[in-house]
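Participant: Given the sequences, and given the hints that come with them, work out the whole structure.
Line order of the protein sequences matches chains C and Z.
Okay, so the first sequence: first residue is 1 according to our numbering, each after it adds one.
Okay, so the second sequence: first residue is 1 according to our numbering, each after it adds one.
By construction, these hints were calculated from the structure, which means they are not laboratory data.
Incorrect hints may appear among the rest.
[What the hints assert, rightly or not] Just the calculated beta-carbon pair ranges, DEER-fashion:
1) C/Gln120 x Z/Ala329: 31 to 39 Å
2) C/Gly44 x Z/Asn379: 53 to 61 Å
3) Z/Asn379 x C/Ala89: 51 to 59 Å
4) Z/Gln263 x C/Pro80: 51 to 59 Å
[Said to hold, decoys possible] Calculated cross-link-like contacts (lysine-lysine; reagent style DSSO-like; alpha-carbon spacing at most 27 Å):
5) C/Lys110 x Z/Lys345
6) C/Lys118 x Z/Lys352
7) Z/Lys402 x C/Lys118
8) Z/Lys308 x C/Lys118
9) C/Lys110 x Z/Lys352
10) C/Lys118 x Z/Lys271
11) Z/Lys287 x C/Lys110
12) C/Lys110 x Z/Lys339
13) Z/Lys308 x Z/Lys271
14) Z/Lys483 x Z/Lys459
15) Z/Lys271 x Z/Lys483
16) Z/Lys345 x Z/Lys287
17) Z/Lys459 x C/Lys118
[What the hints assert, rightly or not] Some chain Z residues close to chain C (C-beta under 8 Å, calculated; not the full set):
18) Lys287
19) Asn291
20) Phe292
21) Asn295
22) Leu299
23) Ser368
Every residue, glycine too, gets a C-beta built ideally from N, C-alpha and C.
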Amino acid sequence: MTVSILIVDDEPDVAELFRQRFRREVRQGTYVLHFAGSGEEALGKLNDGFLPELIVILSDINMPGMDGLELLREVKQRRPDLPVMMVTAYGDEERRRRAAEYGAFEFVTKPVDFDLLKTQLGQLPAASAPEAPH
Amino acid sequence: MLGLSQFTIRARLAILSCMLLIVLAGTTGYLTRTLSDEAAATARAADMFALADQANSARIAFGELRYWNTDLAVSQLTLSEQKAAAARERLERDLDQLAAQKPSQIAKVRAELADYEKLAGQAVDAYTNDQRVIGNTLLAQARQHSLVLDELLGAMVSEVTSEARVARDRVVGEAAAATRVAYAIFVAAVLAGVLLTLLIWRSISVPLRALVSAMNGLIAGKAEVEIPPAGPDEIGAMARILALFRNTLFELRETLERLQSAQASLVQSEKMASLGQLTAGIAHEIKNPLNFVNNFAELSVELLEEVKQVTEPAVAALGGPQRAEFADAIATLTSNLEKIAEHGKRADGIVKSMLLHSRGDSGTRQISDINALVDEALNLAYHGARAQNQNFNITLERDLDKSIAPIEVVPQELTRVFLNLFGNGLYAASRRNQEGGAPDYRPELRVSTRDIGGEVEVKVRDNGTGIAPEFRDRLFTPFFTTKPTGEGTGLGLSISYDIVVQQHGGTITIDSRVNEFTEFTVRLPRTSRASPARAST
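Facilitator: What follows is the structure in structure tokens.
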């Protein structure tokens with residue numbers, strides 16, 4: 001079953017990196033990768049809905065405009081059941097605590113360990129919420 | 001001297017004045033009394049001379065009386081009678097005055113005079129009656145009495161005169177004696193005054209000079225100058241104040257030195273803190289692009305592998321030299337990418353170390369046994385060094401003070417510090433060994449702990465290559481290292497400084513001599529006084 005992953009980062013090369021790292025999974029049809037360059041764009045895409053089903057959002061924390069933690073809160077209001085993983089270079093306690101408070105599923109420290117990330121993604125439960133209407 | 005310095009200077013001057021005043025008053029009193037005595041004696045002597053004159057005048061008057069009485073008896077003239085009466089009157093007046101001074105002698109004189117006048121009167125009567133013979137007899141008898149009388153008066157004159165002389169001589173003698181006494185008193189008073197003045201002057205000037213030289217010493221900056229002992233007088237009070245002043249000066253000087261060294265270490269801490277912040281900022285900025293470099297390098301190696309697989313059939317169809325060329329290019333490309341990944345990882349390691357400077361107070365303080373931490377870190381460092389170099393051997397000496405009570409520290413952070421210091425010591429000792437010093441050189445690392453009251457001291461001493469004096473100032477600066485490129489990040493001591501000084505409020509000092517030893521001394525306070533100003537990002 002093919003599922004969607006949304007990756008939110010203001011750094012354009014992140015998209016390229018994920019594409020290459022997940023090239024086999026994409027080729028095999030395990031995942032469809034979606035990218036957003038900002039929190040606002042991510043919310044827009046979430047409103048538009050995803051095909052196939054979106055199972056996780058991976059979001060950077062430090063972004064201009066709406067940052068990752070704000071995005072996390074917005075997402076949790078709309079889709080409380082949708083897992084959100086926070087990715088950041090700053091692995092400090094305060095951010096971790098706030099991310100957990102807002103309901104982050106996981107906290108990933110940069111540089112991303114892709115093998116570990118793939119394992120974590122594999123263990124995700126398929127989202128049970130109905131697809132947002134078109 | 002000692003006696004005088006018991007009194008205040010005011011009292012000393014009062015003593016001098018009083019002594020001179022007493023001498024002056026005594027002398028004046030003595031002279032006044034002597035003078036009045038002498039005046040009375042002089043008056044008495046003058047009275048005596050006047051008395052002698054009177055006696056003489058009485059004698060002359062009696063001589064006239066006798067003459068005129070004789071003349072009257074012979075001539076019977078009224079004039080003679082008148083002259084005799086006048087002489088008699090003068091004689092009587094003189095005798096009256098003399099009677100006050102010499103009553104007994106005058107009484108004798110009057111008795112003789114009465115006898116004489118009686119006989120002289122009878123003689124005049126006899127002559128008047130022309131009884132010449134009787135008259136002559138009577139006159140002769142009167143003459144006998146007159147001679148006695150004259151003798152009496154003459155004796156009185158000489159007696160009174162000699163008495164007057166004696167009185168006069170005594171006055172002159174007493175005046176001369178008084179003059180001598182006055183001279184003697186004057187000379188003694190002058191001598192005593194001069195002596196006392198000198199003593200007082202010395203009792204003031206000597207301690208004053210000592211005080212002035214002490215003040216000059218203080219002005220010249222000699223704080224150890226001796227202050228003269230403080231007496232009970234005004235100079236003593238000044239000396240006490242000067243001593244207080246000197247002690248205050250001492251304390252101020254010490255305080256200034258402490259402040260200066262505190263300022264120096266503050267400046268150093270501030271420098272380190274700002275460097276730490278800068279380091280953290282740079283590290284964060286580098287970290288992200290470095291991630292991309294590392295990731296894409298790794299990915300490229302994987303992709304090249306895929307390229308090799310995909311192109312395998314086509315490459316197999318190529319001619320020999322071309323195939324070899326293609327395989328060579330792919331291999332070189334792979335190796336280059338591996339090098340990029342490898343060096344990227346190294347850079348990532350440096351960045352991670354740099355970020356350790358800026359982490360918040362991650363560890364929590366725990367009551368820890370410092371000896372256990374030292375022991376554990378020493379074992380780790382030793383085995384780490386052995387793992388890198390099997391031939392490495394060193395004598396480890398532990399001198400741990402078992403009486404040290406556990407102190408509150410962040411144990412994992414202190415372990416980092418000890419690992420750094422031990423690692424450096426082991427490195428320096430092995431380096432000196434490799435450089436081939438003296439043949440009897442034995443690498444040695446000595447670690448000692450000691451309880452010094454409010455602080456715990458850890459000394460790490462190696463007999464390695466030592467640290468050149470010109471490097472000392474930069475030892476704790478981030479990225480400063482003397483190790484060859486790739487062997488050290490130059491962050492170990494910088495991080496250690498941060499942990500000991502900023503986090504634990506302790507000190508870290510160094511002593512070293514090139515090719516002899518290096519000794520690091522870490523002091524940790526028992527009570528935490530860690531600086532709250534920590535670089536945090």
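Participant: Now tell me, hint by hint, if it's right for this structure.
Facilitator: Structure-based check of each hint:
1. Distance hint check for C/Gln120 and Z/Ala329: the Cβ-Cβ separation is about 38 Å, which falls inside the suggested range of 31 to 39 Å.
2. About 58 Å separates the C-beta atoms of C/Gly44 and Z/Asn379, a value consistent with the hinted range of 53 to 61 Å.
3. Judged by the Cβ atoms, the range 51 to 59 Å given for Z/Asn379 and C/Ala89 is violated: they are separated by roughly 34 Å.
4. Evaluation of the 51 to 59 Å hint for Z/Gln263 and C/Pro80 yields a pass: the beta carbon distance comes to about 58 Å.
5. Straight-line distance between C-alpha atoms of C/Lys110 and Z/Lys345 comes to about 14 Å, which keeps the hinted pair within the 27 Å bound.
6. A threshold of 27 Å between alpha carbons decides the hint, and for C/Lys118 with Z/Lys352 the separation of about 24 Å falls inside it, so the pair holds.
7. Taken as a hint, the Z/Lys402 and C/Lys118 pair is broken in the structure, with Cα atoms around 52 Å apart against an allowance of 27 Å.
8. For the proposed pair Z/Lys308 and C/Lys118, the alpha carbon gap of about 25 Å is at most 27 Å, so the pair holds.
9. The suggested pairing of C/Lys110 with Z/Lys352 holds, with an alpha-carbon distance near 12 Å, which does not exceed 27 Å.
10. A threshold of 27 Å between alpha carbons decides the hint, and for C/Lys118 with Z/Lys271 the separation of about 44 Å lies outside it, so the pair is violated.
11. For the proposed pair Z/Lys287 and C/Lys110, the alpha carbon gap of about 9 Å is at most 27 Å, so the pair holds.
12. A hinted pair counts as satisfied when its Cα atoms are at most 27 Å apart, and C/Lys110 with Z/Lys339 qualifies at roughly 22 Å.
13. A distance of roughly 54 Å separates the Cα atoms of Z/Lys308 and Z/Lys271; the hinted pair therefore is violated under the 27 Å criterion.
14. Only pairs whose Cα atoms come within 27 Å are accepted, and Z/Lys483 paired with Z/Lys459 is accepted, the gap being roughly 22 Å.
15. Taking the CA atoms of Z/Lys271 and Z/Lys483, the gap is near 23 Å; set against the 27 Å cutoff, the hint holds.
16. Taking the CA atoms of Z/Lys345 and Z/Lys287, the gap is about 11 Å. The hint holds against a cut of 27 Å.
17. Taking the CA atoms of Z/Lys459 and C/Lys118, the gap is about 49 Å. The hint is violated against a cut of 27 Å.
18. Because the smallest distance between the Cβ of Z/Lys287 and any Cβ of chain C comes to about 6 Å, under 8 Å, the interface hint for this residue holds.
19. Interface restraint check: Z/Asn291 against chain C, minimum CB-CB distance 4 Å, threshold 8 Å, status holds.
20. A cut of 8 Å between beta carbons decides the hint on Z/Phe292: the least distance to chain C is about 6 Å, and the hint holds.
21. About 5 Å separates the beta-carbon of Z/Asn295 from the nearest beta-carbon of chain C, less than 8 Å, and the hint is met.
22. This hint holds: Z/Leu299 has a C-beta 5 Å from the nearest C-beta of chain C, less than the 8 Å allowed.
23. Checking Z/Ser368 against chain C: minimum C-beta separation of about 22 Å lies over 8 Å; hint violated.
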